[in-house]
Amino acid sequence: GAGVSQTPSNKVTEKGKYVELRCDPISGHTALYWYRQSLGQGPEFLIYFQGTGAADDSGLPNDRFFAVRPEGSVSTLKIQRTERGDSAVYLCASSSGLNTGELFFGEGSRLTVL
Amino acid sequence: AQSVTQLDSHVSVSEGTPVLLRCNYSSSYSPSLFWYVQHPNKGLQLLLKYTSAATLVKGINGFEAEFKKSETSFHLTKPSAHMSDAAEYFCVVSDFKGAQKLVFGQGTRLTINP
Chain V
1 GAGVSQTPSN KVTEKGKYVE LRCDPISGHT ALYWYRQSLG QGPEFLIYFQ GTGAADDSGL
61 PNDRFFAVRP EGSVSTLKIQ RTERGDSAVY LCASSSGLNT GELFFGEGSR LTVL
Chain L
1 AQSVTQLDSH VSVSEGTPVL LRCNYSSSYS PSLFWYVQHP NKGLQLLLKY TSAATLVKGI
61 NGFEAEFKKS ETSFHLTKPS AHMSDAAEYF CVVSDFKGAQ KLVFGQGTRL TINP
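Chains as they are written, first to last, in the working numbering: chain V, 1 to 114; chain L, 1 to 114.
Keep in mind that a hint or two might mislead.
Claimed, not checked - Covered stretches of chain V, as calculated for chain L (at least 3 residues, CB under 8 Å):
| id | region |
| --- | --- |
| 1 | 39-45 |
| 2 | 85-91 |
Claimed, not checked - Here are the simulated DSSO-like cross-link-like pairs (lysine-lysine), alpha carbons at most 27 Å apart as the crow flies:
| id | chain 1 | residue 1 | chain 2 | residue 2 |
| --- | --- | --- | --- | --- |
| 3 | L | Lys101 | L | Lys68 |
| 4 | L | Lys68 | L | Lys58 |
| 5 | V | Lys78 | L | Lys101 |
| 6 | L | Lys58 | L | Lys101 |
| 7 | V | Lys17 | V | Lys78 |
| 8 | L | Lys49 | L | Lys69 |
| 9 | L | Lys58 | V | Lys78 |
| 10 | V | Lys15 | V | Lys78 |
| 11 | L | Lys42 | V | Lys11 |
Stated by the list, open to error - Label pairs and their calculated CB-CB ranges:
| id | chain 1 | residue 1 | chain 2 | residue 2 | range |
| --- | --- | --- | --- | --- | --- |
| 12 | V | Thr30 | L | Ile60 | 46 to 54 Å |
| 13 | V | Gly97 | L | Ser30 | 18 to 26 Å |
| 14 | V | Thr76 | L | Pro18 | 41 to 49 Å |
| 15 | L | Asn41 | V | Val74 | 17 to 25 Å |
| 16 | V | Thr112 | L | Thr77 | 33 to 41 Å |
In short, the hints are calculated from the structure, not lab data.
Quick caveat: nothing in here was measured; it's all calculated off a predicted structure.
Ideal placement from N, C-alpha and C gives every residue a C-beta, glycine not left out.
Isolated chain V (complex conformation):
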């Protein structure tokens, strides 16, 4: 596709449930990022992939959060035992990996934990 695609756009779940959020980056982009944006805040870094490997996962808040990118393209962010505090918009971005600083963002997946 032309841009970064994220699914679902909206997810409502109950506390304690497991959630998966998917990101399809721009074709050919080697770098992929996950950010989390809480209401009224700027996005916060979660994890960065270069190819298939997680180059930097220092932003993941705890071990309930995990992300994979098995074939170096699509990525899935997985959240176990969701808590109300996990409610936020989860943003995915991709870049060519050339250190230009320009990231191309998707529209986000809004997660609501009841």
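Starting from the known structure of chain V, arrange chain L on it as the hints suggest.
Using the frame of chain V, we list chain L on its own:
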């Protein structure tokens, strides 16, 4: 650690008047700085970037920003506001130490009055 502070959470101007969105940064080394814009229900988009070349940076849609090291500022300006400029604007600093980990400010919501 790097950080940015956006001095106004909300700015309101009349159409046709100048826009000023203020940003101060903190960085232990020469930073790369960006402004991103987020329109409602759209993905974040890069407006402009500073990467140690010219201190006055021109971006899309008539926006520009000036890097002032002595003031640790990177304010965003536009001579004449347009209704379509209404959006959330984020000042961003980058860590280029091996990863494009962007650190976002809290955002400034720009409202344009007819």
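So which of those numbered hints doesn't the model satisfy? 2, 9 and 12
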